[in-house]
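Protein chains in written order, with this note's numbering: chain A, 46 to 156; chain B, 46 to 158.
Some clues are possibly wrong.
Said to hold, decoys possible - Selected chain B positions facing chain A (in silico; Cβ < 10 Å):
| no. | residue |
| --- | --- |
| 1 | MET64 |
| 2 | PHE135 |
| 3 | ALA137 |
| 4 | PRO151 |
Claimed, not checked - Label pairs and their in silico Cβ distance ranges:
| no. | chain 1 | residue 1 | chain 2 | residue 2 | range |
| --- | --- | --- | --- | --- | --- |
| 5 | B | THR60 | A | GLU111 | 53 to 59 Å |
| 6 | A | HIS122 | B | PRO106 | 38 to 44 Å |
| 7 | B | MET72 | A | ARG126 | 23 to 29 Å |
| 8 | B | MET72 | A | LYS97 | 27 to 33 Å |
| 9 | B | GLY61 | A | ASN99 | 49 to 55 Å |
| 10 | B | MET86 | A | ASN99 | 26 to 32 Å |
Hints were generated in silico from the structure; no laboratory data involved.
Ideal Cβ positions, reconstructed from N, Cα and C, are used throughout, including at glycine.
Each chain, letter by letter, is given below.
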Amino acid sequence: DAKTTQPPSMDCAEGRAANLPCNHSTISGNEYVYWYRQIHSQGPQYIIHGLKNNETNEMASLIITEDRKSSTLILPHATLRDTAVYYCIVRVNTNAGKSTFGDGTTLTVKP
Amino acid sequence: NAGVTQTPKFQVLKTGQSMTLQCAQDMNHNSMYWYRQDPGMGLRLIYYSASEGTTDKGEVPNGYNVSRLNKREFSLRLESAAPSQTSVYFCASSPRPIQETQYFGPGTRLLVL
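Generate the whole structure from the sequences, applying the supplied hints.
And the structure:
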């Protein structure tokens with residue numbers, strides 16, 4: 046599985062867009078990019094995933110570069126409730142048996 | 046639709062005691078997983094069950110056993126608890142076999158003295 050690199054922490058002003066980067070320079074052609082988040086003491090929550098096209102859902106947008114070596118999760122209008130640890134995972138879609146979440150990025154949304 | 050439920054929410058054990066953590070999902074998902082999360086760290090996979098009747102080791106299986114009782118339920122057993130097993134345990138499920146899109150329970154906080 047491709048390894049991912051995320052900044053350990055980021056701040057964002059409430060109401061602004063939060064852009065969380067993830068580097069995955071060794072990603073393979075059949076590996077997806079997944080994003081989860083974990084709000085303090087709760088179980089992780091699935092956010093979004095993609096292969097090579099940009100994706101959008103009710104929670105966030107995922108922008109994957111053309112060479113697929115990096116991606117950005119965008120929370121368009123961050124709220125205080127978006128304060129959480131965000132995990133970027135790169136994996137073949139049917140290989141969750143290898144699932145291990147790294148350290149992630151701690152996003153703090155400030156008023 | 047409760048999603049993924051876990052019991053108990055919190056447990057204190059003495060070294061050497063045994064216990065079983067229960068997990069159930071009502072989403073008709075095929076695959077289920079057990080993770081542990083140590084303070085300030087990410088999640089590590091202990092065991093998973095790709096489908097009813099099968100179980101496989103994850104990254105950190107030592108000291109644990111699992112049972113996929115039926116499609117809904119997946120239990121994690123500590124036969125002889127050790128202080129190193131103090132952690133928060135999360136159960137998860139996914140719609141298709143070993144698919145990465147997983148839905149997590151609220152966790153069980155275990156303290157081993």
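Now the hints, each set against the structure:
Interface restraint check: MET64(B) against chain A, minimum CB-CB distance 20 Å, threshold 10 Å, status violated. About 5 Å separates the beta-carbon of PHE135(B) from the nearest beta-carbon of chain A, less than 10 Å, and the hint is met. Restraint check, ALA137(B) versus chain A: the minimum CB separation of about 7 Å is within 10 Å; hint holds. With its C-beta approaching chain A no nearer than about 6 Å, PRO151(B) sits inside the 10 Å limit, and its interface hint holds.
A hinted range of 53 to 59 Å for the beta carbons of THR60(B) and GLU111(A) is consistent with their spacing of about 54 Å. Between HIS122(A) and PRO106(B) the beta carbons are some 42 Å apart, a value that agrees with the proposed interval 38 to 44 Å. At about 24 Å, the CB distance of MET72(B) to ARG126(A) agrees with the hint of 23 to 29 Å. For the pair MET72(B) and LYS97(A), the supplied restraint of 27 to 33 Å holds, since their beta-carbon distance comes to about 28 Å.
The hinted window of 49 to 55 Å between GLY61(B) and ASN99(A) holds, with their beta carbons roughly 53 Å apart. For the pair MET86(B) and ASN99(A), the supplied restraint of 26 to 32 Å holds, since their beta-carbon distance comes to about 31 Å.
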